Amino acid sequence: MNRPAQKAFIVFLVVPSFLILAAVVFYPFVYNVVISLSNMNLRHIKDWSLVGLQQYYKVFFEPTQPNFYLVFLKTIIWTVVNVFFHVTLGVALALLLNQRDIKGRPLFRTLLILPWAIPQYIVALTWRGMFNYEYGSINLIITKYLNLPAVEWLKSPAEAFLACILTNVWLGFPFMMVIALGALQSIPHEFYEAANIDGASWWHKLRHITIPLLRPVMVPAITLGTVWTFNSLNIVWLVSNAGEPSDQTHILVSFVYKAAFNLYRYGYAAALSMVIFAILLVFSLYFMKKTRATEAAY
Amino acid sequence: MNATARKPYRVINTKSFLRRFFTYAVLILFAAIAVYPILQVVTVSLRPQDKLLSTSLQIIPENATLVNYVSLFRDRPFLLWLGNSTLVSLVVTMTGVLLAAMTGYAFSRFRFIGKKIGLLSLLTTQMFPATMLLLPLYIMLIKLGLINSYLGVIIIYTATALPFTIWTMKGYYDTIPYSLEEAARIDGCNQFEAFYKVVLPLAAPALVITALFSFMTAWSEYLVAAQILQDTHLWTLPLGLKSFESNMSTEWGLYGASSLIVTVPVVILFQALSRYLVSGLTLGSVKG
Chain U
0 MNRPAQKAFI VFLVVPSFLI LAAVVFYPFV YNVVISLSNM NLRHIKDWSL
50 VGLQQYYKVF FEPTQPNFYL VFLKTIIWTV VNVFFHVTLG VALALLLNQR
100 DIKGRPLFRT LLILPWAIPQ YIVALTWRGM FNYEYGSINL IITKYLNLPA
150 VEWLKSPAEA FLACILTNVW LGFPFMMVIA LGALQSIPHE FYEAANIDGA
200 SWWHKLRHIT IPLLRPVMVP AITLGTVWTF NSLNIVWLVS NAGEPSDQTH
250 ILVSFVYKAA FNLYRYGYAA ALSMVIFAIL LVFSLYFMKK TRATEAAY
Chain C
0 MNATARKPYR VINTKSFLRR FFTYAVLILF AAIAVYPILQ VVTVSLRPQD
50 KLLSTSLQII PENATLVNYV SLFRDRPFLL WLGNSTLVSL VVTMTGVLLA
100 AMTGYAFSRF RFIGKKIGLL SLLTTQMFPA TMLLLPLYIM LIKLGLINSY
150 LGVIIIYTAT ALPFTIWTMK GYYDTIPYSL EEAARIDGCN QFEAFYKVVL
200 PLAAPALVIT ALFSFMTAWS EYLVAAQILQ DTHLWTLPLG LKSFESNMST
250 EWGLYGASSL IVTVPVVILF QALSRYLVSG LTLGSVKG
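Just so you know, the protein sequences line up as chains U and C, in that order.
Using numbering that gives the first Met the number 0, read the first sequence as starting at 0 and increasing by one per residue.
Using numbering that gives the first Met the number 0, read the second sequence as starting at 0 and increasing by one per residue.
Keep in mind that the hints were calculated from the coordinates and are not lab data.
The structure presented is a predicted model; accordingly, all values stated were derived computationally and were not measured.
Where a beta carbon is used, it is the ideal one built from N, C-alpha and C, also for glycine.
Here are a few chain U residues that face chain C, going by a calculated C-beta distance under 7 Å:
| hint | residue |
| --- | --- |
| 1 | 19 |
| 2 | 20 |
| 3 | 101 |
| 4 | 139 |
The list that follows gives simulated cross-link-like pairs (lysine-lysine, DSS-like), each with its CA atoms no further than 30 Å apart:
| hint | chain 1 | residue 1 | chain 2 | residue 2 |
| --- | --- | --- | --- | --- |
| 5 | C | 241 | U | 73 |
| 6 | C | 115 | U | 6 |
| 7 | C | 114 | U | 289 |
| 8 | C | 196 | C | 115 |
| 9 | C | 241 | U | 257 |
| 10 | U | 6 | C | 114 |
Selected chain U positions facing chain C (in silico; Cβ < 10 Å):
| hint | residue |
| --- | --- |
| 11 | 8 |
| 12 | 15 |
| 13 | 25 |
| 14 | 30 |
| 15 | 104 |
| 16 | 119 |
| 17 | 136 |
| 18 | 172 |
| 19 | 181 |
| 20 | 233 |
| 21 | 251 |
| 22 | 265 |
| 23 | 268 |
| 24 | 272 |
| 25 | 282 |
Make the full structure from the sequences, and use the hints.
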């Protein structure tokens with residue numbers, strides 16, 4: 000095909016998607032930058048004006064309740080703990096599922112994918128019910144079978160935060176498991192046979208065949224998982240019922256959601272959104288560069 | 000000779016037994032953990048109205064009843080929500096698959112100006128916190144008169160799923176050898192025919208994933224729907240379900256019953272497609 004025809008073909012393939020993305024993602028992004036430089040809030044919805052970097056100053060130095068740096072720290076804990084368990088559980092279960100002499104593998108896979116298949120808001124409300132002090136099954140199990148005192152899951156900050164994390168770990172491991180399973184199945188069996196002939200131990204095979212070949216698939220998955228977890232609003236918002244007790248379970252996204260839609264501090268929320276985006280952008284660029292994960296993708 | 004050969008043989012056997020035992024134990028434990036919360040929803044949905052708060056751990060409660068399921072269809076507009084959600088989700092799925100299949104192909108096969116920036120900007124969108132787009136979008140939709148219309152919701156859902164699905168498609172196309180298209184071209188196909196007659200059928204696993212992701216995005220989205228679909232006639236399932244939960248008292252029975260009905264089709268989809276899930280999610284990282 001000649002060049003102009005190919006150009007037309009490319010335009011035909013790419014332009015519709017990017018028109019929609021421009022309308023729903025890129026234009027609002029620019030709009031958000033403008034709002035972040037303004038004093039827009041409930042009192043100034045129509046008559047807002049540009050105030051420069053004031054809102055950004057507020058993000059870092061205004062004594063909010065809770066404090067920005069504390070929420071940031073919690074977000075890091077939230078992300079690291081979640082992603083760590085998603086990846087370790089996911090990869091471990093995938094390794095177990097990938098053994099050929101295990102019976103009922105399709106059944107196990109079916110059951111283990113379930114947490115991923117359920118809509119997040121249902122997951123959140125169900126777990127919130129399970130964490131109920133009096134009637135929740137978690138406390139019932141703790142008191143009846145383990146003979147331990149019941150835990151005030153949703154009333155105290157540390158426990159409520161732990162409740163959110165437990166819910167999110169449950170919800171997130173199947174994605175990593177499926178990714179790892181796909182990667183494991185693409186590893187040629189001959190590699191292991193060769194290793195067996197050389198008398199390699201289980202650990203050596205894991206260390207020198209499985210992990211290196213999982214890596215190129217898991218690194219992008221981990222990057223994406225980290226970004227998604229950092230930004231996951233549903234679970235924290237719904238399990239802790241908008242940050243209860245007294246706004247002490249927030250991570251950055253739920254904190255900014257509250258600022259925007261409950262407190263109507265639009266300018267401030269827009270600036271904080273930009274800060275979150277910048278944090279994630281810097282992290283991703285650094286992480287991808289460090290692990291050289293996208294090299295193959297171009 | 001015999002004696003030296005037998006001993007290690009038995010050692011491997013015991014080891015293999017232990018390994019299998021350990022594997023089953025862990026798999027059963029985690030399968031139970033994965034299933035338990037869902038059984039909880041089943042229990043709640045089967046409880047009679049006066050026994051909603053119970054300290055029993057039985058899965059099938061005493062006096063189990065289907066009254067909540069009946070009441071859902073008889074007393075509540077559940078069927079309407081179901082229809083609305085199905086409509087929105089199907090349209091989003093179809094547009095999503097079409098667009099991702101096309102754009103992913105361009106990113107996989109051609110060199111063009113702005114390709115790298117395009118791909119990177121798709122990744123970048125994953126880093127936007129939800130609030131960053133929600134507020135500007137809301138203001139935009141008011142100005143365009145798209146509040147209380149499905150068009151706004153459908154466009155937003157499609158765009159939400161697109162970055163990930165385009166990357167998935169691109170990654171999968173990358174694993175399909177280009178020589179297949181060249182052969183098709185020699186046989187007289189034009190570029191477009193080579194794409195949809197030769198490459199597209201081979202990309203079925205990735206197409207399935209794309210469809211599943213687009214469907215899930217639309218089927219279970221709450222925050223955007225809550226801002227845009229304010230007319231109760233237009234409510235989708237998440238809005239309906241959330242309405243069972245109020246500050247004074249949550250209607251747990253109805254909530255449980257509807258949650259199950261909402262979840263079942265998705266679970267069936269996931270199970271039917273799980274084979275493709277494992278093979279199709281290359282995350283744009285594997286180069287064939």
